[in-house]
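S.K.: This is what each chain is made of:
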Amino acid sequence: MQAFPMLSRMFEATLASLGAITMLVGETFSSIARGRIRVGLTVRQVAEIGFGSQLVVVVTGAFTGAVFTAQAYFQFSNLNMETAVGPVVALSMFRELGPVLTGLMVAGRVGAAMSAEIGTMKVTQQIDALRALAVSPVDYLVVPRTLAMLVSMPLLVVECVGLGILGSYYVGVEVLNIPGVYFLANIQKFSEASDIVMSLVKGFVFGGLIVFISCREGLRAKDGAVGVGRATTATVVTCSLAILIANFFLTMALNIIFPAGQW
Amino acid sequence: MVNDPLIRVRDLVQHIGGQAILRGLDLDLFPGETLVLLGKSGGGKSVFLRHLIGLMRPISGSIVFEGQEITGLKERELEPMRRKIGMLFQDGALFDSMNVFHNVAFPLRERGESDPDVVREKVARSLAMVNMTGHDHKMPVNLSGGMRKRVALARAIISPPDVILYDEPTAGLDPIVSDSINRLIRRLQRELNATSLVVTHDMTSCNHIADRVALLHEGKIYFLGTPHELRASHDPVIRDFVHGRSGETVY
Ligand SMILES: Nc1ncnc2c1ncn2[C@@H]1O[C@H](COP(=O)(O)OP(=O)(O)O)[C@@H](O)[C@H]1O
Ligand SMILES: [Mg+2]
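Here the protein sequences line up with chains A and B, keeping their order. Using this note's numbering, the first residue of the first sequence is number 1, and each one after it goes up by one. Using this note's numbering, the first residue of the second sequence is number 1, and each one after it goes up by one.
Excised from the complex, chain A in its bound form (with noise of 0.2 Å):
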């Protein structure tokens, strides 16, 4: 019986954060139909977002491939099929890998700093000072971040999904001496449009995820440096779930329109 109010009180709270990210989806998306964009503040946060990725989707893109590659050639080596690690490798990483590893990289690298700051200005008061300028806290900030969100993250999953593959390439062929044409001729009969399109999509949802509830437990940041602290921490775990659990979802409901293993 102690278990039932502690999780009702979980459940309401969950239900009551997805309202009000819900609400600010819905602002956000109403301020942007009304053209309320700042320009040079939507390029600045895409100048943000990509040059600040790159290190973590470079290396994680690469060292995915790389030992995702070793590991295919060591089961697939056996059944003298080793020219088949380069389109499973390459498939899994546009379908999964690539867009699930580049979104937690960026909520742990982007998404942690969007609620740090915000949350900064919010126990500092300058959010209410914005308001206070008739400056609406979410034309401001949350707008040119989901923008430059929705813009960056579909190419950084595109990035890591090719360095991955660049990986793959360097340990299968120049390390494990896999024939280099068979490796990239399988590849590229084996992957698709489809798989690119995958790719996009997850990048484009997760970034959606990632730039509301970074934004959302930013703009409710309370109790000062230990309140932004909190912020910070609740967006990483929260991101980090919300991603591998819609993945999950995405990846039933967008086999049925791109389905897998048609090959």
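Careful, some of the hints might be misleading.
[Said to hold, decoys possible] Calculated cross-link-like contacts (lysine to aspartate or glutamate; reagent style DMTMM-like; alpha-carbon spacing at most 20 Å): (1) A:K222 <-> B:D91; (2) B:K74 <-> A:E27; (3) B:K220 <-> B:D240; (4) B:K84 <-> B:E191; (5) B:K138 <-> B:D96; (6) B:K74 <-> B:D91; (7) B:K220 <-> B:D96; (8) B:K40 <-> B:E191; (9) B:K40 <-> B:D162; (10) A:K189 <-> A:E82; (11) B:K40 <-> B:D240; (12) A:K222 <-> B:D96; (13) B:K84 <-> A:D128; (14) B:K74 <-> A:D128; (15) B:K122 <-> B:D162.
Hint data in this document are derived by calculation from the structure and do not stem from the laboratory.
Following the hints, put chain B with the ligands in place on chain A, whose structure we already have.
M.R.: Leaving out everything else, chain B with the ligands in the frame of chain A:
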């Protein structure tokens, strides 16, 4: 009074964390006057100011600005009213990612002024008014509390508002700068015909600038009158406050 009040507050009630902060506060602010609001620290003066521009919503009560009830308005609907009111926050609330120049230029740019020469000239004039010329490129973290407050004041008055709310404008300033801020408040009232509500602890400042004085005590307006009436009062609560005998921080 001949005029209608510019801001009319009736029976304003606010509780925070189970504590009654405002308990039925009534106050009128008339066009062109400077009203000084005194009160113990922690008494709810800043909370009250936040209600006037819709940053907080009261539990009950009414705030009418230029004939319009604002307590029920949505965030976007408050914007026209906020454009007419300048607010100086107690600790400045400068944007800490921008230098002094960009902080002061912010309201101009947000209102669509894009000519860099005009912006530069107006910012320079505004900074000169608060004796902050030559600090344009400093970041807020590198300013003292008093300097921060003066920059915030420059930001609040750069596109001249009809009403200016000052939250302790002279707290933490040296007497000379305090005096220049007092003169500035007077001057803004004279030149822009601005209506001012000034929260302060500073009795010198109060005597210098006030047309009327209100004392906030236990969530209500306890006294309302001229500075002269305030000084002449024999009420113990008022006397303690005026003579700084209530354990109150006097700056
Ligand atoms: N955001 C808040 N959360 C909790 N308590 C608050 C908040 N803002 C103000 N208070 C409380 O309300 C009371 C009045 O505060 P304030 O208006 O800042 O006083 P002052 O008259 O010194 O400006 C204080 O007890 C303060 O602790
Ligand atoms: Mg205060």
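S.K.: Now tell me if each hint is right for this structure.
M.R.: Structure-based check of each hint:
For the suggested pair K222 (chain A) and D91 (chain B), the alpha carbons sit about 17 Å apart, so the restraint of at most 20 Å is met. Taking the CA atoms of K74 (chain B) and E27 (chain A), the gap is about 12 Å. The hint holds against a cut of 20 Å. Among the hinted pairs, K220 (chain B) with D240 (chain B) is consistent with the structure: their alpha-carbon atoms are about 17 Å apart, no more than 20 Å. A hinted pair counts as satisfied when its Cα atoms are at most 20 Å apart, and K84 (chain B) with E191 (chain B) qualifies at roughly 16 Å.
Pair hint K138 (chain B) plus D96 (chain B) holds up; C-alpha atoms about 10 Å apart against a cutoff of 20 Å. With a CA separation close to 26 Å, the supplied pair K74 (chain B) and D91 (chain B) exceeds the 20 Å bound. For a cut-off of 20 Å, the pair hint linking K220 (chain B) to D96 (chain B) is broken: about 35 Å separates their Cα positions. For the suggested pair K40 (chain B) and E191 (chain B), the alpha carbons sit about 31 Å apart, so the restraint of at most 20 Å is broken.
The suggested pairing of K40 (chain B) with D162 (chain B) is violated, with an alpha-carbon distance near 28 Å, which exceeds 20 Å. At roughly 15 Å between alpha-carbon atoms, K189 (chain A) and E82 (chain A) fall within 20 Å of each other, so this suggested pair holds. Distance hint between K40 (chain B) and D240 (chain B) is fulfilled; the C-alpha atoms sit about 11 Å from each other, no more than 20 Å. For a cut-off of 20 Å, the pair hint linking K222 (chain A) to D96 (chain B) stands: about 18 Å separates their Cα positions.
Our distance criterion of 20 Å between C-alpha atoms is met by K84 (chain B) and D128 (chain A), whose separation comes to about 16 Å. Of the supplied pair hints, the one linking K74 (chain B) and D128 (chain A) holds, its CA atoms being roughly 15 Å apart against a limit of 20 Å. Between the alpha carbons of K122 (chain B) and D162 (chain B) the distance comes to roughly 18 Å, so the proposed pair stays at or under 20 Å and holds.
Checked against the numbered hints listed earlier, the structure breaks hints 6, 7, 8, 9; every other hint is satisfied.
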